[in-house]
Structures are given as C-alpha cells and as structure tokens.
Amino acid sequence: MELLFFIENLLAATLRVATPLMFGTMGELFAERSGVLNLGIEGTMFMGAFVGFTVASMTGSLWLGVLAALLAGALAGLLMGFFAVKLGVNQHVSGLGITLLLTSLSLFLFRVIFGENQLPPKIEPFPQLTILQGVPFLGDILSQYALTYIAILLVPVVWYVLYRTNFGLDMRAVGENPEAADAAGVNVYRTRYIALAIGGALMSVGGAFLTLAQLGSFTFGIIAGRGWVCIALIIFANWQPLRVLWGALLFGGFFALQLRLQTTGLKLPYEVFLALPYIVTIIALAITGRKATGPAAVLKPYKRE
Amino acid sequence: MDAVQMVGITKQFGPLTANNKVDFELKKGEVHALLGENGAGKTTLMRILYGLYKPDFGEIRVNGKPVQINSPKDAIDNGIGMVSQHFTLVLPLTVAENVVLGFNPGMTLDPKQVNKTVEEAAKKFGIDVHPTALVRHLSVGERQRVEILKALYRNISVLILDEPTAVLVPQEVDMLFATLNRLRESGLSVIFISHKLYEVMTISDRITVLRDGKCIGTVNKKDTNERALARMMVGRDTFGVQRDSEPCSGKPLLKVQNISAMDKKGLLALKDVSLEVCEGEILGVAGVSGNGQAELASVLSGTLKPESGKVMLGDLEITHLDPASISKAGVGRIPEDRHAGVVGEMTVAENLALERLDDFLKNGMLDRKKIKDHAEAMIKEYQIKATPSIQTRKLSGGNMQKVILARALFTQPHMIIASQPTRGLDIGATEYVRHKLIEQRERGAAVLLISEDLEEVRSLSDRIAVIYEGRIVGILPCSDATEELLGLLMSGAREMANEA
Amino acid sequence: MKPNFRIVRSPAPGWFSALIPLLAIVVTFMITSVFIIIAGANPFEAYYYFLISPLTSKVGILEVLVKSTPLLLTGAAVTIAFASGYWNIGAEGQLYAGAVAAAWLGTALIGVPQPVAVLIMLIGGFIAGMLWALVPAILKVKLAVDEVVTTLLMNYVALFFVSALLNGPWRDPVSNWPQSPTILANTMMPKLLPPARLHFGFIIGILAVATVWFILSRTGLGLRMRSVGMGQEAARFMGVKVGRTMFITALISGGIAGLAGVTEVAGIHFHLIDAISPGYGYSGIIAATLGNLNPIGAGAASLFLGLISTGSQAVSRSLGVPSFLGDVVQSTLLLVTLAMFLLRNYTLRRVE
Chain A
1 MELLFFIENL LAATLRVATP LMFGTMGELF AERSGVLNLG IEGTMFMGAF VGFTVASMTG
61 SLWLGVLAAL LAGALAGLLM GFFAVKLGVN QHVSGLGITL LLTSLSLFLF RVIFGENQLP
121 PKIEPFPQLT ILQGVPFLGD ILSQYALTYI AILLVPVVWY VLYRTNFGLD MRAVGENPEA
181 ADAAGVNVYR TRYIALAIGG ALMSVGGAFL TLAQLGSFTF GIIAGRGWVC IALIIFANWQ
241 PLRVLWGALL FGGFFALQLR LQTTGLKLPY EVFLALPYIV TIIALAITGR KATGPAAVLK
301 PYKRE
Chain B
306 MDAVQMVGIT KQFGPLTANN KVDFELKKGE VHALLGENGA GKTTLMRILY GLYKPDFGEI
366 RVNGKPVQIN SPKDAIDNGI GMVSQHFTLV LPLTVAENVV LGFNPGMTLD PKQVNKTVEE
426 AAKKFGIDVH PTALVRHLSV GERQRVEILK ALYRNISVLI LDEPTAVLVP QEVDMLFATL
486 NRLRESGLSV IFISHKLYEV MTISDRITVL RDGKCIGTVN KKDTNERALA RMMVGRDTFG
546 VQRDSEPCSG KPLLKVQNIS AMDKKGLLAL KDVSLEVCEG EILGVAGVSG NGQAELASVL
606 SGTLKPESGK VMLGDLEITH LDPASISKAG VGRIPEDRHA GVVGEMTVAE NLALERLDDF
666 LKNGMLDRKK IKDHAEAMIK EYQIKATPSI QTRKLSGGNM QKVILARALF TQPHMIIASQ
726 PTRGLDIGAT EYVRHKLIEQ RERGAAVLLI SEDLEEVRSL SDRIAVIYEG RIVGILPCSD
786 ATEELLGLLM SGAREMANEA
Chain C
806 MKPNFRIVRS PAPGWFSALI PLLAIVVTFM ITSVFIIIAG ANPFEAYYYF LISPLTSKVG
866 ILEVLVKSTP LLLTGAAVTI AFASGYWNIG AEGQLYAGAV AAAWLGTALI GVPQPVAVLI
926 MLIGGFIAGM LWALVPAILK VKLAVDEVVT TLLMNYVALF FVSALLNGPW RDPVSNWPQS
986 PTILANTMMP KLLPPARLHF GFIIGILAVA TVWFILSRTG LGLRMRSVGM GQEAARFMGV
1046 KVGRTMFITA LISGGIAGLA GVTEVAGIHF HLIDAISPGY GYSGIIAATL GNLNPIGAGA
1106 ASLFLGLIST GSQAVSRSLG VPSFLGDVVQ STLLLVTLAM FLLRNYTLRR VE
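Top line first, the protein sequences correspond to chains A, B and C.
Note that the working numbering numbers the first sequence so that position 41 is 41, with each residue one more than the last.
Counting the second sequence from 1 gives a position; the working numbering is that position plus 305.
Counting the third sequence from 1 gives a position; the working numbering is that position plus 805.
Derived from the structure by calculation, the hints contain no laboratory data.
Backbone N, C-alpha and C fix where the C-beta goes; we use that ideal spot for every residue, glycine too.
Among these hints, one or two may not hold up.
[Said to hold, decoys possible] List of simulated lysine-lysine pairs, DSS-like, C-alpha gap at most 25 Å: (1) A:K303 <-> B:K359; (2) B:K378 <-> A:K303; (3) C:K863 <-> B:K610; (4) C:K947 <-> B:K569; (5) A:K300 <-> B:K667; (6) B:K633 <-> A:K303; (7) C:K1046 <-> B:K610; (8) B:K359 <-> A:K86; (9) B:K667 <-> C:K1046; (10) B:K615 <-> C:K1046; (11) B:K633 <-> B:K667; (12) C:K947 <-> A:K300; (13) B:K633 <-> C:K996; (14) A:K300 <-> B:K615; (15) A:K86 <-> A:K300.
[Unchecked claim] Computed Cβ-Cβ distance ranges for the label pairs, DEER-style: (16) B:E774 <-> A:G88: 53 to 61 Å; (17) C:L824 <-> A:L215: 22 to 30 Å; (18) A:Y163 <-> C:Q1118: 49 to 57 Å; (19) A:K300 <-> B:G729: 17 to 25 Å; (20) C:I943 <-> A:Y163: 34 to 42 Å; (21) A:K300 <-> B:P782: 41 to 49 Å; (22) B:N325 <-> C:L824: 32 to 40 Å; (23) B:D627 <-> A:K300: 44 to 52 Å; (24) B:K675 <-> C:K1046: 45 to 53 Å; (25) B:K675 <-> C:I866: 41 to 49 Å; (26) B:D627 <-> A:G88: 31 to 39 Å; (27) A:Y163 <-> B:H391: 21 to 29 Å.
Modelling step: build the complete structure from the supplied sequences, incorporating the hints.
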C-alpha cells in the first residue's frame, strides 16, 4: 500500500514537473524545426517566470500574468529572430547573449520593482483542478493545474499545426531546405519569425508556470538550467511532438524522483539528487546523440543575394 | 508582343559584373536558348527574372507591362516558373508536399486531397510522378520531373530551365525534349539555359549568346550552326584537347579491389568496385552525378572508410589511411567541391602549407618565411592571380582551383585523383587544368579523372570506366567509347564484363 | 553632376572596422539608458560612475584590474575554444573545478615554499579544469554529441558538487558557514602592490592571453586549430586530424578556465565559497566575442568588462541602481557588438 501511494504520488509529481519542460521543449521545437537554434530559451523561461509573477501580483489576476508572459515570450522570440534571421549572425552566441540579457534584465527589474531587502509578495498560486476527486490512485494523479492539461494538449495541437496546416508545411520546408522553400514562393524570413515568436511564447509560459502555479513566488534559482535540459530533450525526442511528451515525462520523473529520494534517508548529500537529472541528460545525449539528425538547415542563416 | 522582355539588366557582385546592360526577349510559344560558357552570366540573368536576385539597373516587362519582381512569389504571380540546376526540393517531404509547397490555398493541408490534386495535374501535363513518394528516394531524373511539375502546377506561361541536361543520361535528355515540345505546342514559352551547343541546336527556336556578362547577340536556329555559336561564345575559334597515345603502357599503380562503402545516409553507395590505373595514363570515370563518384573520391582521399575491400598504391595498402598519410604516400588529390577543399577564411599561403604542415614547422612553430616563399613560388609557377596573404575565398573559381592544383601537384605525386576538376570554371581556367592533367600523365603519373562532363572524360582519358549506382558497369579504351555506348552504360541499360 | 553614394557589399575600410567596438559601446549605453531611467537615475551620472569614476583613483584602477583577472583567463579560454570551432560554454564549471583543486591543495601544501606552492596550485587547477572539460570533449569527438548542451549541463553539476562539498565535508568547522577552511598562507597569491588587492593572478591572466595568442598565430597546432574552426571539412581533407585537434583545444580551454578558479580562491577569497564566480565563465564568452576571437582583443575586452563590473558597484552604491545593471550592460554590449560586426561587410561606394 505504501509503495502504491509512493508511485501515485510520484506520477502526479511527474506530470507537474514535466509541465515547464513540455512548454519549453515545444517552444524550442518551433524554433529548430524552422531552422534556428534558440539558446535564448533559458533566459526566456526566466523572463516568463518574472513577468508572469510581476503582472499577477500587480493585477491580482493569474491568467493576466500568463498572458503577459506569453506576449513577452513572443517578443523574446522575435528578438532572437532579429539576430538569427535578419542579421544572420552566429546563433550560439546570440542565443546565449539573449539568455544573459533576459536573465539580468529580469533580475534588474525585479529589484527595481520589489526593492532590495524586502521579501517579495507571495501570490496565491493556481489551484489544482480536481477532476476525479475521490477516485483512488487516478484521482490524485489527475489533479493537475490547468496549465498542465494545456501542456499535454500541446502534443496533438502542435502535431496538427506541423503536419496538417500550410504553415506547418512551410515551416518544415524552411527548416530543411530554405532555398527550396524560397524558390517555391514561401517567405522564409516571415515563417521563421512566426515560428520563433510562437516558440518564445511557449517557453515563457513554461517559466510562468513555475512562479504562478508551482511556487507562488519568484526566486532567482527558479529555472536552474531547465532551459538547457529542453535543448537536450528535443534531440532526445528526435524533433517529434509526441516524443517530446515522453521525453518530458521521463525527465520530469527524474526530477520528481530525486526530491522524493532525498526524504527517504539515503545517505547521500541532497546535491547528488539535484545533479542527477543533469547527469542523466548528458548520458541520454550520449546514447541518442549520434543517430540524431535534426532539421538540416539549423544554424545556417538564409540570405538571398 | 513578347512574353518577357528584359532591358538593360546590370548586376554586380562586389567587383564582379555578372550582367552588363543585357537585353533579352522571349516570344510567346518559343523555346529560346540562353547560351554561354560557365560564368557568362546566364544563371544570374534568369535568377533576376525569377526574383532571386535584384538587378542593380534595368527593367523587366511581362506581356508588355513593366513589372517589379522582388521574390520568387512575384515571379510566379507573373506566370514565370524556374527549375534550377540544383534542385530545390525538400528531401524529407513527399512529391505532393513539394509540389504544393507555398501554393496550397487556405490554412489546412489535407494529404488525401493534395495527393489527388497533384495526381490530376501530373496527368494533365503528361509528367510521370508518384505523389506519395518521398523525394529522398527518387532518382535524379524523377526529381527533375517533380521540379517541372512544381513549376507547371503554378499556372505559369514561361518556364526557365537552368542546365536541365547536366544531370541526365542521353536517353533521359530525349525524354525531356519530347516533353518540352509537347508543352510548347500547348502554348508554353521556354527559356533553356545551356552551354552545350548540340543540344541548343536540337531544341531551340532562337538562341541568345552571353559572354563575360554581355549579350553578344540573338540568332534564329536556322540561320546559324555550332561553329558560329561557339565563336560567339568564346570570341575566337575553339579548340579541342588533342591526345595521341595508347592505353595503359605502364604498370598498374592504383589498384582498387572490391571496395564497398556507405554514403552519408547509411546507404551503400559503392558496391564491390574494382579498377586499376596505370602509370602514364588517365583513367576517366564517367557517370551521371550521384552514382557513387563522390564516395569513390572520398575513399581514395582518405575521408571515407570503406566497409570492405582493399586499395593498393603500388605495394602500399592505403585502404584505411587518413588523408595526411595518403598525401604523404604520394597521392595528389583535387576535391570535388573546391570550396570544401580550401579554408576560405585563411590566406592562400596558409592553405598551400596546411596539407604538408610538418615541412613548414620549426620546433612546432610556424616558419613564416618558408611558408611565404613557398606561396610566392606556387603563385608564380601556377599563374595564380593572388598574393600570399589574401583570403582564399576572395579568389575566383579558376584561381582557387589553381591553388588546389598547386597544393596537390607541387610534391610531384605519382598518383593524382581529380574529382570534377573543371566544374564551374571559365574556359581559360578549364583549359589550364586539363593541360596540367595531361602534363602529369606525360610525366608518368597515374591520373584518375572523375568527371560528370562526358565531353571532358572522352577528350582526356585513355580508358574510360563507367559507374552506375555504385558499380563499375564497364571499362573500355577510349577508342571504343562511343557516346551511344556510354549513354547506355551510364543509364544502367547495359553492363559489360570488366576489362582490366 | 553630383555623385551618388550607395552602400555595397564589400569589405569596409580598415579604420571603420577598428571603430566598430567604440560604436558598439556608444549604442549599448544609449539602449541601457532606458533601464537606468526606469530605475530612477540619470543616465549620464550613471555612466560617469560606470566608466570614469573607477579610473579616477589608484584604488579604483587596481580594483578594475582585480575584477579583470578571472575574465582575462576565461576570455582566453573561450577564445581558443571558439577559434577551433569548439563551443565551450562550460568555462563556469571548469572554473569551479579549478577552485575546488585550489581549495584542497591550499590546505595540503604544508611547509612548501610559496613560489613552489603557488605553482603547484596553478598546475592543479589547470588539471582540474581539464578533467572537467574531458567528458563533453570525449562525447563530442567520439560520439558527435553537441558540446554546447553538455558543457552547459556540466556547469550545473559543478555547482551542485561544490555545494555538496561546502555543506558537507568541507564545511568550515570554525564558523559553520558553507565555506571551506582558509588556505595556508604559503599557498596564497602574492600581492603585487600591497596593500591593494591586486595579486599575482593578474600576471597569470596576462600570460594566458599572450600564450593563447602565441599558440594561435605562431604555432602549427594553432594553424590547425584555426583551420578546423574556419573550415572543418577542408581541414579534414587536407589531413588535419580534426577530432584530435578539437579534443586538445577543449582540454586546454578547460585548463585555462580552471586557472581562473585558482586565482579567485588563492588571490581573493582564500577559501572556497558557493558564489566564487558570479558568472565569470559566461562573461568570458562575452569577452571572446567582443574581441572577435582575437586573443588580444579578448584581453582588452576583459579589461573593459572589469571596468563595467567595478563601475556597476559604484553605480549601485551612489545612485541606488541595482547592481544587476552591470550584467545588463554586458549582455547588451554583446548583442550590439554581434550586430555591428556585420558592418564590416559593407562600405560606401561612389556610383555614377
């Protein structure tokens, strides 16, 4: 019975922990499938956490916070587009620059708004939706935040967009062979801009989830490298929407597991458990990395003479 | 009224003037050839018409009306379609997806409906394709058909074809011409870019010749012949490379034995390939692009490890050696893509020294004087228009190729592997490279010439091997190699017992 | 007839290219003015504190050099990696590895004369940094795993590792803070101009920049490194052992970053703490980019970043603007410089 409770608890936590990973990785999926590596993801998620929290605490509305994060994220995506699409500069460095900028800017503005030494206001976070209250085992697992359900719904929605809309076809073409797409009359630049904006919005909402749903407050270490895990996850998922879900659940499971292992009294410093998901990510990359081939045009800026 | 008129088109790329006040008109329902040597400006002119380039000066008129064509979409809106030399197909997508890309109405994409629409269009235009096939799995000829269908699907009235026969065997060329004649009868106007005189004389109604970016003139086919066209193209009477010797009088130096190798996608690109090259001969490898030539060159250069088989250079086995060791063993290599054979951002001197870098080091440090002196010597000997400290990417194609030649030949190698050595070069550079190869043969080196230019292979080689789908389907002395026989071998329609 | 000028795609004149970093600085400050105003301060005052006031006193100048020390090292480390096309984003973690080595050696080298002890600390830190760079390097060369993600993830593993040490076996028994025991006096970096904080690590930083410059421009190894960075396929064709070259570069880069950890532990803090690096590894990337992958340029950029870092504290003290502004300025400068480097490809041309 104890074991069953443990598993039930773990599965419920897995879904929660996987939520920001889902949003982040789906966001990166849009970027990379259109041919741009967006290393601004860590900063975008951080900014989303900050913007969501700040707007929610100032307006009293959590959903307004989510909306603000979404819009801010779209802008962040467009900023990446400016460097990668318009200017065509090195995507590694510009992405990192954007992460550094968004992170430091969020910290700066946080201090300006909430002051130096006060404790920041806490907000009442999202409630969990209790759908199957009372049902044993499943009841607990399915009591999730609305955003978590949205994250799961992303899978069929993104799949539909990618494979059953013209925009998705344009995106896939632009990510594999932008010359071909251009010659066919597709606007390569506009397609990439839109993809990056959608991607940025998703990433940002992923960050907002952490402050608005999970924590109810904003700490400096709130993202702690989850953005980079998403970069690894997308390779692991072979750039496919459904596999993103499995990957996020797997890694979400690890994150959730390490928290629970800490309390079982295993004689290891808790940092080992904290480091475990990152180490597992590296190992996963080692196993899958070799055979993974992403969209062919990633990292190559497109310019027509 | 002309279907298309281009007036005073000028386009510069940095210091290079690709099109210099060019005038061009296309009448309705004609096949109009645009003829010229590599680098004459034909592709540039048509890319301007198709909206891929913006002209610096000049005007375009469609059906008498001046238009602004700033993108391929504008061109398509004006009824102009283009099939490029390098296919613009997205390999992981299906034929139907490629055809409707950018031209599917509405927001959604229903595979069943799209497949049906494409199939109907294919029937209507008489193009043989399967809508659900993945483009990655199609042959080169099939891919070209998809490209043509893609253009026709967009209701164009002007079709530009850029060197369409470069990738086809002679029999496929006939099929293409039949299709073009059919389409012309239904009212389509065609611009046919080529540098092949006999083709142009076969298919076109009128011919415009470009040379060094300028329009030399437009003639009716009936009023001209190949000699006259050639003179217009080159500005003087052309020549052929003369060769007068007998096959394989020396002893075999390079022995390729049962080599099998995979390509980048993990498919078998070379299947049990065997051939020999003797000292003092040029063995030409003929074949349509994409039949394993690149992989053969890579195996022999040391950049691709074969799955099985052996490569012997004299008594030395070089099968699994890395590029540095192969070079040291006395093999001069000319890579297929010269841009991937030099580090563009580095100087000419650095590129010349890099292959044999150990010879230019003193205690691990660069001997800069030696590197500079060597570069100056090579520049002089190979007539390279460059200075040692100029960035290699700034050189013209011909001069870049000369740098590669210098690097490959200065150590007097006994074996030379030349892969597409004159691809994309102007006539002067092409002559130079071909003379250098013959010079090496006279010197007693063994030369393996891999080239998609059938003319080149036939005029330079002593013996010709034909490669088809990764196998050598025939090796014959040049005197026996008629164009018809080669065409049959290159298309896989025939296979011969190997002749040593 | 008035001549027309057009902007054409052609290399810009040399003097213009050299001016671009200056232009970038001006544009950056224009952009960051907005944030300064939001924080309620006067931009011109802020820039005075940022750029001028640290240079107005001897103490200020020395502090700039102190702050530049770890940046010189991480900047050099990142420069040599990027020059070879190896995207080492893990300088931060490699720095921590070096710091760990220094903290450990610093308590173990009892009785060893100072010059020798310091040398051993440096060697130990270099090796530690190399070891931390080893796993991503092997994965890249043998399994073609992208090093950007792996080096990044290793940064977090390093942080957790240090935290585990400081909260566990290395917790200072005296104060019970999460900091390692103070290192021995003979293992500390000698001060260059006592009583100021400027220490021998600064000399190491300069030497690192000079060494990287020497390797890249004067040695065969450096030429091979650059060929791999600028044209991997061509380099391979010409016989350069691409995998091995990248591997060596990755390790050297990690080692130099490790040295930054040593200088911070042995020169400034004298013990290991969680916050030994407020992002020096990432700032090194900024320095390398500002320097356009030229080691000397990266060195100059490191000094400039040190100036900004010192200045941001002055801004915070005097105007109450959050000190995060320094990071905002740095990252904005990075992005602006990236954008402006493109101007090198255009020039004004007279056209009739």
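Checked hints:
Annotation: proposed proximity of A:K303 to B:K359 holds, straight-line Cα distance about 13 Å (limit 25 Å). A hinted pair counts as satisfied when its Cα atoms are at most 25 Å apart, and B:K378 with A:K303 qualifies at roughly 16 Å. For the hint pairing C:K863 with B:K610, the CA-to-CA distance comes to about 63 Å; that exceeds 25 Å, so the pair is violated. The suggested pairing of C:K947 with B:K569 holds, with an alpha-carbon distance near 17 Å, which does not exceed 25 Å.
Distance restraint check for A:K300 and B:K667: the Cα-Cα separation of roughly 38 Å exceeds the 25 Å cut-off, and the hinted pair is therefore not satisfied. This hinted pair does not check out: B:K633 and A:K303 have alpha carbons roughly 40 Å apart, beyond 25 Å. About 15 Å separates the Cα atoms of C:K1046 and B:K610, which keeps this hinted pair within 25 Å; it holds. Between B:K359 and A:K86 the CA atoms are separated by roughly 18 Å; this keeps the pair inside 25 Å, and the hint holds.
Taking the CA atoms of B:K667 and C:K1046, the gap is about 20 Å. The hint holds against a cut of 25 Å. Distance hint between B:K615 and C:K1046 is fulfilled; the C-alpha atoms sit about 23 Å from each other, no more than 25 Å. Restraint check for B:K633 and B:K667: the C-alpha separation of about 19 Å stays at or below 25 Å, so the hint holds. Among the hinted pairs, C:K947 with A:K300 is consistent with the structure: their alpha-carbon atoms are about 24 Å apart, no more than 25 Å.
For the hint linking B:K633 to C:K996, the alpha-carbon distance of about 53 Å lies beyond 25 Å, and the restraint is violated. At roughly 38 Å between alpha-carbon atoms, A:K300 and B:K615 are farther apart than 25 Å, so this suggested pair is violated. Distance hint between A:K86 and A:K300 is fulfilled; the C-alpha atoms sit about 12 Å from each other, no more than 25 Å. Remark: the range hint 53 to 61 Å for B:E774 to A:G88 is contradicted by a beta-carbon distance near 38 Å.
Here the CB-CB span from C:L824 to A:L215 is close to 47 Å, at odds with the stated 22 to 30 Å. Taken as a hint, the range 49 to 57 Å holds for the pair A:Y163 and C:Q1118, whose Cβ atoms sit roughly 53 Å apart. A C-beta distance of roughly 21 Å is found between A:K300 and B:G729, which places it inside the suggested range of 17 to 25 Å. For the pair C:I943 and A:Y163, the supplied restraint of 34 to 42 Å holds, since their beta-carbon distance comes to about 37 Å.
The beta-carbon spacing between A:K300 and B:P782, approximately 45 Å, falls within the hinted interval of 41 to 49 Å. Distance hint check: the CB atoms of B:N325 and C:L824 are about 35 Å apart, consistent with the given range 32 to 40 Å. In this structure the hint that B:D627 and A:K300 lie 44 to 52 Å apart at CB is violated, the actual value being about 28 Å. The hinted window of 45 to 53 Å between B:K675 and C:K1046 is violated, with their beta carbons roughly 22 Å apart.
Roughly 44 Å separates the CB atoms of B:K675 and C:I866, a value that falls within the hinted 41 to 49 Å. Checked against the given bound of 31 to 39 Å, the beta carbons of B:D627 and A:G88, roughly 34 Å apart, stay inside it. Take A:Y163 and B:H391: their Cβ atoms lie about 27 Å apart, and the range 21 to 29 Å holds.
In this structure, the hints that do not hold are numbers 3, 5, 6, 13, 14, 16, 17, 23 and 24, in rising order.
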